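> For reference, the chains in residue letters:
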Amino acid sequence: MIWSLIFIVGAINFAARLSFIALFARREMPPLLARALRHVPAAMLTAIVVPAIVFAAPGALRLDAGNVKLIAALVAGVVAWRWRNTLLTIGVGMVALWLLQWLMR
Amino acid sequence: MRTHFSRPAFIEGARDMLPMTVGLIPFGIVCGVGAISAGASPVAALAMSMIVFSGAAQIIAAQLLAAGAPLAVIVLSCFVVSLRFLMYSAAMAPYLKPVDQRWRHLVAFLLTDQAFASAIRRFRESPDLRANVSYFVGGGAVLWLAWQIATIAGILAGAVIPASWQLEFVVPLCFLAILAPLLHERAAVIVFATAAIAAIALDAMPMRLSMICAGLAGIVAGVVADRIFGRSATAEVEPGN
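In order, the protein sequences belong to chains Y and G. Using the working numbering, read the first sequence as starting at 1 and increasing by one per residue. Using the working numbering, read the second sequence as starting at 1001 and increasing by one per residue.
Possibly wrong hints are sitting among the right ones.
[Claimed, not checked] The calculated SDA-like cross-link candidates involving lysine to any residue, where the alpha carbons are at most 20 Å apart (straight line), are:
hint, chain 1, residue 1, chain 2, residue 2
1, G, Lys1097, Y, Ala22
2, G, Lys1097, G, Arg1130
3, G, Lys1097, Y, Met29
4, G, Lys1097, Y, Trp98
5, G, Lys1097, Y, Phe14
6, G, Lys1097, Y, Leu18
No wet-lab data here; the hints were simulated from the structure. Here the structure is a predicted model, which means the values were calculated and not measured.
Generate the whole structure from the sequences, applying the supplied hints.
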């Protein structure tokens, strides 16, 4: 399964990267498609990040201050929003997580 | 155009890309760790980085694989995440028309968020296509190599670092680092709110389909928000990070 996954996902990524370069070099992208694609990063990143943070276990929604991942992510999110720095965001987020876990022990 | 290689431009592209690899390293490490913890062998984990060469797709694949999602759902989720490449591809296409097929394929394979961000301005401003393509390929080659090195580091680290460190939390943090700065824009806040609520509300959907559905809900909300706020469709294409 893992090897078919690698080749299928690899092919999809390559096809998406090649798409307009290979096929539509002379064509304009339809405006509605262009508008929709602009929102793909924010939409998909949210769909990936939010469940990883708000669920303590599968199906167990935790939107309170006792969820250390939620608090650490909020802190890291503010840092990322303000300073736009990947390493700083990761550093602050991990330290916040470890600190909160240590405090809650 | 017969050949597209200019060595000075290739080296310049490679050198300009070196500082950008710093932000890539933790991401690549996480991809290595993630693939291993999803049950991939070290060889498969490295092959994934070599062939797929996309952090977002690789991490989603690893997460869904670990969660036991079926192959079709994993492929579909990775497809939606790769849609942003259509945007970059469309932005590059007009400049690559005179370039022959082999070089176009090479450029497409190396077309990542970082490579696009660092090279598109040069394509717009300089008419020297040979130098531009070489510059792009030089930068892309450095990114690809850095990605493999980081993945190997992740594969090795995954076996050594204790689980209590919660290293997997670096994954949402990496994505947050890209996502949060987007929220300076009003439409993006609406996209975020919609996708977040949908991701929570739809979490019980079978086969982890909630991720795709929440993402699509966010995209639709963004298009509607554009219409309400009257944002022009011809807005400059800029990369996510």
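> Against each hint, give a clear statement of whether it holds in the structure.
Quick rundown of the hints versus the structure:
no.	hint	verdict
1	Lys1097/G - Ala22/Y	holds, 9 Å
2	Lys1097/G - Arg1130/G	holds, 12 Å
3	Lys1097/G - Met29/Y	holds, 16 Å
4	Lys1097/G - Trp98/Y	violated, 52 Å
5	Lys1097/G - Phe14/Y	holds, 18 Å
6	Lys1097/G - Leu18/Y	holds, 12 Å
Of the numbered hints given earlier, the model fails hint 4 alone.
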